[in-house]
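Protein chains in written order, with our numbering: chain A, 1 to 350; chain B, 1 to 374.
Fair warning: there could be bad hints in the mix.
Claimed, not checked - Pairs of lysine-lysine, DSBU-like flavour, derived with a Cα cap of 35 Å: (1) B:107 <-> A:144; (2) B:107 <-> A:310; (3) A:116 <-> B:107; (4) B:134 <-> A:116.
Just so you know, the hints here were simulated from the structure itself, not pulled from any lab data.
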Amino acid sequence: MSEVRKGYVQPLDIRHGQVDIAHGSGGRAMAQLIEELFARHLGNEYLAQGDDGALLPAPGAGRLVLATDSHVVSPLFFPGGDIGCLAVHGTINDVAVMGACPLWLSASFILEEGFKLADLALIVQSMAAAAKAAGVPVVTGDTKVVERGKGDGVFITTTGVGVVAAGMDLSGRSARPGDSILVSGTLGDHGMAIMAVRESLGFASPIVSDTAALHGLIAAMRASGAEIHVLRDPTRGGLATTLNEIARQSGVGMMLQERALPVNPAVAAACEFLGLDPLYVANEGKLVAICSERDANTLLSAMRAHPLGKQAAIIGSVHADPHHFVQMTTGFGGRRIVDWLSGDQLPRIC
Amino acid sequence: MKFIDEFRDSELAQGLARAIRREARTDRRYHFMEFCGGHTHAISRYGVSDLLPDNVRMIHGPGCPVCVLPIGRVDQAIRLALEAGVTLCTYGDSLRVPASGGLSLLKARARGGDIRMVYSSADVVALAQSNPDKQVVFFAIGFETTTPPTAVAIKQAATLGLSNFSVLCCHVLTPSAIASILESPEVRRWGTMPLDGFIGPAHVSTIIGSRPYEFFAEEYRKPVVIAGFEPLDVMQAIRMLIRQVNERRAEVENEFSRAVDRDGNPKAQRLVAEVFELRKQFEWRGLNVLPYSALRIHSHLAKFDAEKRFSLVYRPVPDHKACACGAILRGVKRPQDCKLFGTVCTPENPIGSCMVSPEGACAAHYTYGRYKDV
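The whole structure should be built from the sequences, with the hints applied where relevant.
In structure tokens form, the structure reads like this:
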């Protein structure tokens, strides 16, 4: 990162300006964009070093976790959030569900020529607010500009580093027969919020994305002393896809109780309307936890005591199954498979 | 959720299950076909068959809009997008139906075709209005439920004087499909496919009413019970069918009286008659070429007919040799009887159309019920 001499150029016209190719060409315009927009909002001691990389203190004991996530979302702004806070939360959550305490983030922006600086400023401010609230600073970054028509406004890739304390061993391979399966709250809020805006579906009560950083909730869960085997954040593909991944990794089957699944009534109605299943709709502020059966109620209480886990629920159990099926007892009293998502969920016709 | 949860109540379901067990005679078997994919989906999704006694078997029917779409029609849509360079719009599941050359509309999109999913025919009219320099074609599929909205779109386009909007009309007619099943040699001549009655369509019947089924009940002596798409609707209909069979009645009964009456929706029927006319014949996937079984755009609105505007020729294409979709759509085979099921043909890589939509018999069984096969 570089610095430009104050007063040397006209200040960026954030209100009316647009991203142009020069903002990505490595020259003065780029330095100015970084200084007046990115560094101004995201600023911290590491970012202020201004070098090619951030020089960070080596963490003490424990193992490092490194996770990365690219964020492409349309629309960029949606009820409950925007691509900026989403990029912060998404990567923090990927680090946190490994049982790690997230320490630092990097952020890489691919901007489309012509993108409004005012929108970019909103996105960066939202990132900054999310990073600050989470206590995880953005310590290094990168900016590229692509020609008009070759991007979708802005793409953001964030990478996160965290440290796992000794003795923590979470993995998708650790679910065991007899374990209990918990979720931290209602399913499908993020995906349905996006879909409602994208398809201009005007519902009476707007559906709000659940985007949130989960490391605080996870810390509270760990503090409960419950023996947690697996943590995951069920993002794309929803809870069903995440559980199928875990079942395959651990070589087990699962049985869910449809009645125990928490779903916001507005999301349930929207899914019903479109012929979609909330089990397959994305979440951005929820986690699924698998723990030993005897600790399930302890863990549930700890989750419910945290603001992000108020609607947590025990939704099923793990059992031995050579086919690794995730199955569900339906609210109706029958039984069915909860399968992997196949392609995108598409609305039914009739 | 109000007006939804009431129809998925497990206590009522248990009560109905007990009633069905009580009323079904133990000295015979019952074979009922649920015509609609919506019923197939409800049965699999809610595990309805788990609540039925062993001697009551449900046969999946052909009433899944994308399942009966023949390869040749999807090919036409793909050619329009890739060769004629039109913006092609269609409903969700049609995008995945396998076509010739390993293509589908989704794959044609990846090859550069401007292919879009829409929720409503009105969206297509709006798209044509806002893109006057592009030819916009609506690939219109479905039974009588989706036909009136297509009629509305064509009338809107006529009123607006749109010269860049047209429709590739593949709307098909439910009674023709039922007749084809009842006339099939397996049912009529050889009797190898026992069929004791039908669960009649839900949404289709809101448009056409219950009257069109009276012929089947009388002529073929098959009871028909029109039912809603909720699982309790389906169970209640099964109970009503068992009663008819036991009492040797063959009548049209209406379980879905909250939405269907004998005459249907006359306004929608008038609209459809105004905009469409019968095709002499139409190829269905699985049911072959059926006479007077589909609609095309009426000659006075021919300028909105994409087949005429782009001089499309229909080329029938046979299904994959080992694919049993045809027999499955006629109820002769079950999904798990097909050699390709779950091995070569999966929802990720559908060979036949029944593996595409969640309403298709194969996709429904694969997605919700295959634990029963192992």
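- Query: So which of the earlier hints does this model not fit?
  - Reply: Number 2 - this is the single hint that the structure violates.
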